Amino acid sequence: MTNLASRHKDEIWRRVAIVTPYLWLLVFFLAPFAIILKISLADPVIAQPPFTPTFDKQGGLSVSVDNFRFLLTDKLYAITYLRSVLMAGATTVFCLSLGFAMAYGIARSKPSTRNLLLLLIVLPFWISFLLRVYAWMGLMNTYGVINNVLMWLGAIDKPVRLMYTDFAVFVGMVYSYLPFMILPLYASLERMDMNLIEAAQDLGASRARAFWDITWPLARPGVIAGCLLVFIPAMGEYVIPYLLGGPESLLIGRVLFDEFLVNRDWPLASAVAIVLLLLLVVPIALLQRYRVRDQETAA
Amino acid sequence: MNRQSRFIMSMLVFGYSFLFVPLILVVVYSFNDSSIATIWGGFSTRWYGELFRNEQILSAAYLSLRIAITSATAATVLGTMAGLVLARFGRFKGRTLFSGMITAPMVMPEVITGLSLLLLFVTLQQLTGWPGQRGFSTIAIAHTTFSMAYVAIIVQSRLIAMDESLEEAAMDLGGKPLQVVFDITLPLIAPAMIAGWLLSFTLSLDDLVIASFVSGPGSSTLPMYIFSKVKLGVSPDINALATLIIVVVSLGVAIAWIVARKSTKA
Numbered sequence: 007m008t009n010l011a012s013r014h015k016d017e018i019w020r021r022v023a024i025v026t027p028y029l030w031l032l033v034f035f036l037a038p039f040a041i042i043l044k045i046s047l048a049d050p051v052i053a054q055p056p057f058t059p060t061f062d063k064q065g066g067l068s069v070s071v072d073n074f075r076f077l078l079t080d081k082l083y084a085i086t087y088l089r090s091v092l093m094a095g096a097t098t099v100f101c102l103s104l105g106f107a108m109a110y111g112i113a114r115s116k117p118s119t120r121n122l123l124l125l126l127i128v129l130p131f132w133i134s135f136l137l138r139v140y141a142w143m144g145l146m147n148t149y150g151v152i153n154n155v156l157m158w159l160g161a162i163d164k165p166v167r168l169m170y171t172d173f174a175v176f177v178g179m180v181y182s183y184l185p186f187m188i189l190p191l192y193a194s195l196e197r198m199d200m201n202l203i204e205a206a207q208d209l210g211a212s213r214a215r216a217f218w219d220i221t222w223p224l225a226r227p228g229v230i231a232g233c234l235l236v237f238i239p240a241m242g243e244y245v246i247p248y249l250l251g252g253p254e255s256l257l258i259g260r261v262l263f264d265e266f267l268v269n270r271d272w273p274l275a276s277a278v279a280i281v282l283l284l285l286l287v288v289p290i291a292l293l294q295r296y297r298v299r300d301q302e303t304a305a
Numbered sequence: 008m009n010r011q012s013r014f015i016m017s018m019l020v021f022g023y024s025f026l027f028v029p030l031i032l033v034v035v036y037s038f039n040d041s042s043i044a045t046i047w048g049g050f051s052t053r054w055y056g057e058l059f060r061n062e063q064i065l066s067a068a069y070l071s072l073r074i075a076i077t078s079a080t081a082a083t084v085l086g087t088m089a090g091l092v093l094a095r096f097g098r099f100k101g102r103t104l105f106s107g108m109i110t111a112p113m114v115m116p117e118v119i120t121g122l123s124l125l126l127l128f129v130t131l132q133q134l135t136g137w138p139g140q141r142g143f144s145t146i147a148i149a150h151t152t153f154s155m156a157y158v159a160i161i162v163q164s165r166l167i168a169m170d171e172s173l174e175e176a177a178m179d180l181g182g183k184p185l186q187v188v189f190d191i192t193l194p195l196i197a198p199a200m201i202a203g204w205l206l207s208f209t210l211s212l213d214d215l216v217i218a219s220f221v222s223g224p225g226s227s228t229l230p231m232y233i234f235s236k237v238k239l240g241v242s243p244d245i246n247a248l249a250t251l252i253i254v255v256v257s258l259g260v261a262i263a264w265i266v267a268r269k270s271t272k273a
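Residue numbers (my numbering), protein chains in the order written: chain Z, 7 to 305; chain C, 8 to 273.
In isolation and in its complexed conformation, chain Z is listed as follows (with noise of 0.2 Å):
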């Protein structure tokens, strides 16, 4: 073989595993969204699928924007972003305290221990998801194992209601997500040189002084990937809000799921999808500019 028709060989080959995965991704992850674009954009009927076409029979453009104004009328929808947002805020800031104490002691302690940390950290990973949420079940119940622990304790007389409330929609988020946040935390806290703290405190600095000024900085980035790790899957978490939480407790993927798969609005259900996915489009590109600018520095 010359040297050219070889170089032509590794140029096809070069196409290829450019172009393969590039042409799965566009089919299966980007034309999608172009679909719930425009199915939000008809109205629902009752047929298969159960939509309006984008084009009518003349092949005159059929396009109605009512499935977003009932969005934006709607004040029941208006509460549900709302809630949602609030809740996965309080999930967030939640596990941001819990987090950072917890990655700054792993990170601080012996390096035989500290695997072993780590090791438990990302355990619950491999163990399902579902079953994770599904062991507070037991947990909560009325009869269920805190309420027997506190009436033993003598904290309560009866049993208070666990399940089924916002609250319990809250623990499950936070149990579920904790990891999410401790291990990109755990990443920058352990690159920190400790030295600088002792610097500071040996310069003059208080204990809260050499944190605000030293430690928080230097974690930043982890604090960032990790509250978006955590804040936008909780979004739109459906699993958690419908094994935990009361019918009264709306949040948005819930309402999505529900609308879609029971209620069968199509055109409803993709529009809500479209709003969520607005108000997600700032985070999630937040969280790409720190994935690029992370390697650059990893290079």
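Take these hints with a grain of salt, some might be off.
Stated by the list, open to error - Partial pick of chain Z residues on the chain C-facing surface, computed with a CB cut under 10 Å:
1) Ile-127
2) Val-139
3) Ile-162
4) Val-166
5) Gly-210
6) Pro-239
Claimed, not checked - List of simulated lysine-lysine pairs, PhoX-like, C-alpha gap at most 25 Å:
7) C:Lys-100 / C:Lys-183
8) C:Lys-269 / Z:Lys-116
9) C:Lys-269 / Z:Lys-15
10) C:Lys-100 / Z:Lys-15
Don't read these hints as lab results, they were simulated from the structure. Please read all numbers here as calculations on a predicted model, not as lab measurements. Beta carbons: idealized from backbone N, C-alpha and C, even for Gly.
Go by the hints and put chain C onto chain Z.
Relative to chain Z, chain C alone:
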């Protein structure tokens, strides 16, 4: 111990108990003889027996395993290509879009991914007649799409951390680029590919929301079956199933940890 380290210590104790007490309790209650899952009625292993006689669970588990193996393998092939492209191919037309499409599926809320893929399959069926029935193939495609992102990231980070000089040396010695990829690069990133496969496999076995959207009537994966059951409340045979999963995963992770520790010491 000063005040600060006492605080950190108590947070660690609280955090780890928070993470593990619920799992330990599920294991304990799986040996509960009472059929009311929250009341202790003596030790028994009868729920394990019922688990293995439940044909619905077994067929759901078999479907889930087939989907997980198929999608993890496809995701490893596609994701390795994507990771190689991102780490080694430099700039090309459409790179920004490519790298965006790699990250986005990992953080996209599951309800949106599920909805969008179902709408795609419905549209494709209208236009081409495929897929005639939703089930194994549609779920496997959906899982491949989000898992390949994880494989790509793992392979890419491994390649970035790895010295390019080995590949360069092979090229200088006359190796053709394709030959270098197969003889040098792939063996070096094999651990990353294995890790990616395992992660994809787990993600696929774990997924409920996306599978619920893209599956058709009659094809229930294991998480879909579990969900339909626990919707109604705590159930003792699900405790037994959860215990089996917890034990298998913990053993696997413990073995991996011991092997990794031995190999770093040696």
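Hints versus structure:
no.: 1; hint: Ile-127; verdict: 8 Å, holds
no.: 2; hint: Val-139; verdict: 9 Å, holds
no.: 3; hint: Ile-162; verdict: 17 Å, violated
no.: 4; hint: Val-166; verdict: 15 Å, violated
no.: 5; hint: Gly-210; verdict: 18 Å, violated
no.: 6; hint: Pro-239; verdict: 6 Å, holds
no.: 7; hint: C:Lys-100 / C:Lys-183; verdict: 24 Å, holds
no.: 8; hint: C:Lys-269 / Z:Lys-116; verdict: 18 Å, holds
no.: 9; hint: C:Lys-269 / Z:Lys-15; verdict: 43 Å, violated
no.: 10; hint: C:Lys-100 / Z:Lys-15; verdict: 20 Å, holds
Hint check: violations occur at hints 3, 4, 5, 9; the rest are consistent with the structure.
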